[in-house]
Every structure is written in structure tokens, then in C-alpha cells.
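Read top to bottom, the protein sequences are chains A and B.
Under the numbering used here, the residues of the first sequence are numbered 145 to 906, in order.
Under the numbering used here, the residues of the second sequence are numbered 1422 to 1586, in order.
Because the hints were derived from the structure by calculation, they are not lab data.
Watch out, some of these pointers could steer you wrong.
Short, incomplete list of chain B residues facing chain A, as computed with Cβ under 10 Å [as the list claims (entries may be wrong)]:
hint, residue
1, GLY1478
2, ALA1511
3, LEU1524
4, THR1535
5, GLY1537
6, TRP1560
7, ALA1562
8, LYS1573
The model shown is predicted, which means the values in this text are computed figures rather than measured ones.
Where a beta carbon is used, it is the ideal one built from N, C-alpha and C, also for glycine.
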Amino acid sequence: MTTTEKPQEFNVVGTRPIRHDGVDKVLGRALYGADIRLASMIYGAVLRSPHAHAKITRIDTSKAEAMPGVFAVMSGKDMPLVASGALDLGETVDDTAFTSDRIMAHSKVVYKGHPVAAVAAIDSNTGLEALKLIEVEYEVLKPVITLEDAMAPGAIVIHEGLIGSDLGEQVKNTNIAVHNRLEFGDPEAAFDQSKTVIERTFIISRAHQGYIEPHASTAFWAPDGKITVWTTTQAPFGVRKTISALLNQPLSNIKVTPTEIGGGFGGKIPVYLEPLAAVLSKKAGRPVKIQMDRRAVFEASGPGPGGTVKVKMGVDDKGKITAATADIRYGAGAYPGASIGAAASGIFACYEVPNVRVDSYDIVINMSKTAAYRAPGTPQATFASETLVGELCEIIGMDPMEFHLLNASKEGTRRPDGPLFPRVGNEGCLLAIKGSDHFKSTLEPSAEGKLRGRGMASGYWNGIGNKSSVTINVNEDGLVSLIEGNPDIGGTRTTIAMQAAEILGLPAEDVHPAVGDTDSIGYSDLTAGSRTTYATGTAAIEAARMVIDEMKKRVAMIWETEYENIEHIDGMFISKVAPDQKFTFKEAAGKLGQTGGPVALTGTVNVRGSGGGSFGTHLVDVEVDPDTGKVEILRYTAAQDAGKAVHPSYVEGQFQGGAVQGIGWALNEEYYTSEDGVMINSTFLDYRMPTSLDVPMIDTIIVEVPNVNHPFGVRGIGETSIVPPAPAVANALADAIGARLYQTPMNPGRILEALAAKQSGK
Amino acid sequence: MTQIPEQQFVHKVPVQCTLNGQSTEFLAAPYLSLLEILRETLGLTGTKEGCNDGNCGACTVNVDGRIVDSCLMLGVEAQGKNIETIEGVAPAGGLHPLQQAFLEEAALQCGICTPGFLVSAKALLEAEPNADEHRIRLWLAGNLCRCTGYDKIIRAVEKAREEMK
Chain A
145 MTTTEKPQEF NVVGTRPIRH DGVDKVLGRA LYGADIRLAS MIYGAVLRSP HAHAKITRID
205 TSKAEAMPGV FAVMSGKDMP LVASGALDLG ETVDDTAFTS DRIMAHSKVV YKGHPVAAVA
265 AIDSNTGLEA LKLIEVEYEV LKPVITLEDA MAPGAIVIHE GLIGSDLGEQ VKNTNIAVHN
325 RLEFGDPEAA FDQSKTVIER TFIISRAHQG YIEPHASTAF WAPDGKITVW TTTQAPFGVR
385 KTISALLNQP LSNIKVTPTE IGGGFGGKIP VYLEPLAAVL SKKAGRPVKI QMDRRAVFEA
445 SGPGPGGTVK VKMGVDDKGK ITAATADIRY GAGAYPGASI GAAASGIFAC YEVPNVRVDS
505 YDIVINMSKT AAYRAPGTPQ ATFASETLVG ELCEIIGMDP MEFHLLNASK EGTRRPDGPL
565 FPRVGNEGCL LAIKGSDHFK STLEPSAEGK LRGRGMASGY WNGIGNKSSV TINVNEDGLV
625 SLIEGNPDIG GTRTTIAMQA AEILGLPAED VHPAVGDTDS IGYSDLTAGS RTTYATGTAA
685 IEAARMVIDE MKKRVAMIWE TEYENIEHID GMFISKVAPD QKFTFKEAAG KLGQTGGPVA
745 LTGTVNVRGS GGGSFGTHLV DVEVDPDTGK VEILRYTAAQ DAGKAVHPSY VEGQFQGGAV
805 QGIGWALNEE YYTSEDGVMI NSTFLDYRMP TSLDVPMIDT IIVEVPNVNH PFGVRGIGET
865 SIVPPAPAVA NALADAIGAR LYQTPMNPGR ILEALAAKQS GK
Chain B
1422 MTQIPEQQFV HKVPVQCTLN GQSTEFLAAP YLSLLEILRE TLGLTGTKEG CNDGNCGACT
1482 VNVDGRIVDS CLMLGVEAQG KNIETIEGVA PAGGLHPLQQ AFLEEAALQC GICTPGFLVS
1542 AKALLEAEPN ADEHRIRLWL AGNLCRCTGY DKIIRAVEKA REEMK
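Turn these sequences into a full structure, and let the hints guide you.
If you want it as C-alpha cells, here you go:
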């Protein structure tokens, strides 16, 4: 079944205006988290645990308190003890007690970099000196770093209070927070009847989002109990809720102003510094700013989880998938919450699989708690499933493109976690790649004896809808200001404003968007889950429709006719009964004062689901130097379903950025961790993200299969693009070197090992 | 009221330099980096801190025609130097062709790395007005961007290169 609809025509949506906040950003005037400067502001610094697992036996802060220039010192005893409970942050649900403990240790440290105390001082260097005067004694415990150690019988238990859930059964004394299973059909019986079945185990590295802006938060706790926070976050309302829950303060006493945000990719959803800045501010009576340094960002914020994924897939004699199973194990870090749910629902989402079982495990280890990282959990799982498909195609002698097309999930296919897909663009992306110049081109052999190969992979991200608010104020000059509650992490002010402009009949430039603080805009869920352009855009459309409706009433009043007689066509208000009566939006806006006052209206939505999510297919050519194992990306094409691209340049940018992040994860990025649980490569020198010299231009193909769930057909597109790169690169490497790698990063050492193993006939 | 112990002050060094075309004088504690001086002492927060160890390029400034990570240079070393930061890139009342091209080509997403890229790219095009894609990629390899995948940044620099001819 395939539903189609007549393509809509747009005036603003689909064009490429200059982003509204662009001038401030190219001038260096935009204010990010660390750029906040307030009168009498002082500077916080955080003392972090050198151990990954230890009991705190003594903390003495008296010398730091006595140091000149120090205004306040805090430790775990200054954080209220909060009961365990659900902290719903819109996309993820954390535990309040664990969150409090994660932000500032109370009695035990469970990851290297765990905050144990903090100071506020006249400047940051004084603060750093004061940290040296804080005496902390630890009883060092053996850290649990590997999944094997964490899951072993008799394992050291990190949290005595953790109640695990094993297929719904409560388990005590465990590091396995969750074991879930999704299944339908009878995979074992189907494997028995399959022509070919293969099973492989993959290891995926823990990888950091690598946003260039470190976390930075400023707070002022006023004597009347009001707490004002300026912070770089994807979730200002989540910060408000977290501070309220952790510090036992009324929600509405807290105002969170999101600053400009220098990248997040999921890593700026959790709260780290805000409650510490607030507590220090209360003690000092001054605003307190705290910035993380890069080492703390790597060691103590939340990267995406690493882990192991075992995949098994069977096919019949035509190459049709008969069954697939997976066993997904992720290291959550020191508190539960690795993104196993999305991993389980996404791992086989690109295929029609009649018999499925997916087990997934959320495992606590002594490293910092992982966070969402762009399509959380899915790149890791898809590295396994799509690399396995590549090898399966080799074994059965089938072209991967034909395999994908034969087995592609489509409208009506059941995803492993239950829902049937509505109209989606999986096949559309495959066909777009198949029709591309890149796919049709021949990969010429290297002239210098280097090894070349081509690979493809698909990927999926569902995303979320949820709650958003948008307020539109009509100004007397006929322009409108638009306030929304989603931090603009990559051009969403503009994509939201464009959707309002489309309804209002205005050019994009005439809508002036701003991101409001939590007191000045209605509740809005976080900037994450590929939801901002999609769900907040829906709220903008709702608000714009309300504005047009109200203006029709006002125009009817001026023309002394009934509301029903007013039409709004091509940006003009027209009278059906007197066709020569016409107002432009600007003309009507100028008359609002005489017709009942200003028009300022808020659209609010709670969008259910994503409308089926966004599929993507990537194609890559690589060249391997057999002497050094170095990989060069020669050519890259990314196709993805955008539903309807609101601003095509920023859609392309998401495809390109995700592709390069994925290439980094594929080839270089990992946490080198000592046996003591210490990350050894916690700098950008050693945690090697792609530079401009490491990648070519990334060609993009925007596929548009309209989303049934959005008025303009828009899909959330920000995350899918990081899903296909690692398996696409793995498949290209296999094509190049004639051997397979089952572990990220596929760095030169591993490539040389694979080449050597192949030569020794192993 | 908590008694705050009295602070002892570090002897600060007077530094004179040219900053964004303007004679400038500031007092620098000898241990402060140029980045700290720019951001905290002089209030020029367009220069960003990404890593504070010279690996990301977010704090790139131009010192006597050379691009420098300002986190790796002491403030006192600015004595007698001609320094340009992102705040000095645009002509009065307008934008530099690079800034305009970054906007037109959508070469920024979050924008935190943008000031560093602009300062670096301006120095490149002033030194090599005909820099090709490879030269641009090589020159900008000291500036990390995690959002764009670099494609649109390279295109923007190429566009500005043509504009500046």
C-alpha cells in the first residue's frame, strides 16, 4: 500500500533565506553560554574525583573557605537529599536521586571526573587555586569498566540501591539496569528454514558528541527565592524542572534563559552545572558562572554509549529476509539510561522482517553517564545490522542495492517495537542513490597501488513530536515578531519562522524570530529528537492560523461586514462581497489599534509521534593505503527523506554534518580508557574528530515523501544522517581490502591487522 | 554576612598593542592568556574558548598577519603587536565578503566555531588570493567544526575568494 497526495505549493517553504540570527553570529556578537557577564558576577570551579569508583571518607573545605577571593564553597552536603522518582525530560526519563548524585557526589564517586566539591571565587584562576585547598579522602574501590565485568556473576555492584528490570522482573544487586525484549513471529523456526543464516558480533566505541562549546552556566539565586539561570542547553524547560526537583524549589520561581548554544547533538540535554551555580550563588549572594574545561567535557559529560551488538539474519533463496535477531548491550555509564530503546526499534527498521527478536541491555559501569548522541543508540546498532547485511550480500552473491530494495520497509511494514510505518521514504532514498551519478560511476583503480572500495548503508531515525508553544506578535508596521522556546542549534529560528511566514503570506524576512526564556514563552519540549522544525514548526503554523483568523475578524469590523465574508488569499485580505476591498497584511496590521487592540497569539501543540521518521541511504568510496592503513574518503553521497525541506540549505547541512560525524566515529573516535576507568585521550588532539582536510565535499540528495503528520509534510531530519556512515564505510573498506572489520573505530591499526590476517590466510 | 578574606593582588603588567585597528592599553596579570584578556578584561567575547589547549581553533586571532590560537599566547606577549579579532573583521556598517558568503552559503549551524573560521579564512585569502579547495582545507584544518561537515564552509570561502578578486 502506498498513499500519495498532490504536492503542495509553497511561497516561502523550500526557499533559502539568510538565517535571522546569522549576522550576529558572523560578527561574533551572539552570546553563548560562556559569554554571560553580569554585575558582581563571580566564577565557579568544580573539584572532580580522580577515581572512577571510591567512597568519600572525608571532605574538609575549611582552607578553601578561608582563602582570599573565595566567596562560597559547596559539597554534596549542600545538595538536598532527594527521593528517587521520575524526572521526565521530554525525550528521556531520568531518576531524581541519581541525577542529584551524578551532579554532585554525596558519599561515593562512581566515575572519574565526578564532582565532589565546588567553589565560587573572584576570578576563575582564584577558584582553581582554591580547589587545591579542599581536602578529600577516598577509599578507592575497584572500578567496573567493561560490560563483561559489569554483567559477570558476582560482579562488584556499583549502586546498592539499583533495582534492575530483567524482562519486567525486579532484580537486586545488579549492574544490569534494564533487559528488554521485542519480538514477533518465530525467528528460530524461520532461521531453520532459511537458505543462508549468518551471525556476527560487533563492538562499537563510546564516542563523544564533540560540540565545540563546553558547558557553561550562570545562576543568580535572589534573596526573594527567585532563581535565574543563563545556560547553554537544548532543554531550558528541562533545566527548570531539574533544578526544581533537585533543589526542592517551586518550578515557577526558576527562570531559565537559554543562551546561544555551540552544538549539542544530545549532549546538552542533561543538567551538569546549573544546580551547582545556583547553590554557590545562594551562599555568595552573587551571580555565579561555571564553565567546564574540555577535559571535563570528555570525562564527565555524557557521550554516546559504546557496547556490543550481536546480529543474526536469515534469508531465503531469493535473498528475502526470513528472520533477524539482535542482542544489544550498551554501557550506560555510572547511572542507567543508555539509549537502548531507540536502538532496538531502529536496528532492523530499514527492512521488512517477518520474524524478529531484539534483546537490549542497559548496563551500569564506572564511567560518566552517557547521554543522547544524535539518533541515540541507533548508529551503534545499525553499524552491526548494516555491516552484517553487507557481508550477507557478499556471501549470497547479491548486489546490496537490490537486497535493500527487495527487503525495504515501507508503508504498512511493522517496526520491531510494534508500530506500522505510515508513508515513509525508505525506498525513495534507495532509488535516489541508485539513480545518482555517484552510484552510476565506476570506481577507477588507484594509480599508486592503493586499495579502493565502495559501500552503502541505510539508516533510520524515528524522532519525536511532543509539546511546543509559539507566540506571534503583529507589529503596527506589518511585520511580526515570533517567540519560541527551542534553543536554535542549527538554524531552527529560520525554519520555524518560514512556516509561520508561509501561512501569514509574508516573506521570511518579515517574521522576526526569537528564542524566549521559560517565563516568556509557553512550555516547549527540548531541542532534540529531530522535533524542532517539525513540532515547533507545527506550533508556528497553529499560531499563524490564529493570527490570520483574528485579523479576518478585525478586517470584517473595518469593512462593516461579517467575518465569513473575509478571505485571506496570497497574503491579501479580500472581501467576498465587495471584491475591490483589499488589504495587504501590512495595511491590516496598521489598523489593529482601532479594532480592539494588539494581536498577540500563541499556538500550542502536543504533536503525537514523528509521522514515521526519516530514512537515509549513504554511498561512499574509500581508498586505503595498504602500508599505513590510512583511509581516505574519496567521494560521499547522502540521500535522506526530509518530507518537505523547509530550508534546503540547512537540510543539506544536517545531512553533511551527520555524515562527517559518522565518518569520525567509523574511522577515529573512541575513548581510550585505562583499567582504572580513566579516559586517556581527553583532548581534541587525541580524541581525533574529522578536520576539513579529512573529508571531501559531501553530496546530498533531498528526498521528499510528505509526512502525513505535518501540515506541510515536514519530517524531522537532524539525526538520521549519523546512522548510515559507519556501516557504509565498513562495507566500502571490505570492498577495498577484501576483509571485514567488526569494530569501530576502523583505525589504521585495525585495518593493517585485517590485511595481515587476510594475507596469512586466516 | 560572611566575611570574605581580603585578596592579595598580583602585580599586573601594562601592555600596549593595536587591537582591531585601535591603539589599546590593558593591564595583564602575567599568567593570563590572550584569550582570557580578550574575553574577560576587554569584553571581546566573539573569540571563543573551545578547548583551551590549542586544538580546536575557536579562539583564533590574527597577530601581525599570523593566525594564532589565543589560548596559547600570553596576554603580555601582545605588547607591540597588531591584533585582529572577529570584532575587527567587518568594515564599519557592513560585512566582510567572507561573512556575507558564510550567510549566503549557510556555512554555520551552531555558530560557535564561526569567528575562528572567519579570522583564519581571512588571513588565508589575504595571503593567497587564489587558494584552491585543497589549500583552503589544509589552511582551515586547525579549526574544528562539528556541525557542518565543512562542505558549506569551504564553498563559502571559495565564494568569498571570487568576490574579493
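Status of the hints after comparison with the structure:
This hint holds: GLY1478/B has a C-beta 9 Å from the nearest C-beta of chain A, less than the 10 Å allowed. Because the smallest distance between the Cβ of ALA1511/B and any Cβ of chain A comes to about 6 Å, under 10 Å, the interface hint for this residue holds. A distance limit of 10 Å between C-beta atoms decides the matter here; for LEU1524/B the minimum to chain A is near 4 Å, and the interface restraint holds. Annotation: interface hint on THR1535/B holds; nearest CB of chain A at approximately 6 Å, less than 10 Å.
Hint on GLY1537/B holds. Least Cβ distance to chain A is approximately 9 Å, under the 10 Å limit. Taken as an interface hint, TRP1560/B checks out: its beta carbon lies about 9 Å from the nearest beta carbon of chain A, inside 10 Å. With 10 Å as the threshold, the beta carbon of ALA1562/B comes within range of chain A, its nearest partner Cβ sitting at about 4 Å, so the hint holds. The beta carbon of LYS1573/B is positioned within 10 Å of a beta carbon in chain A (closest approach about 6 Å), and the interface hint is therefore held.
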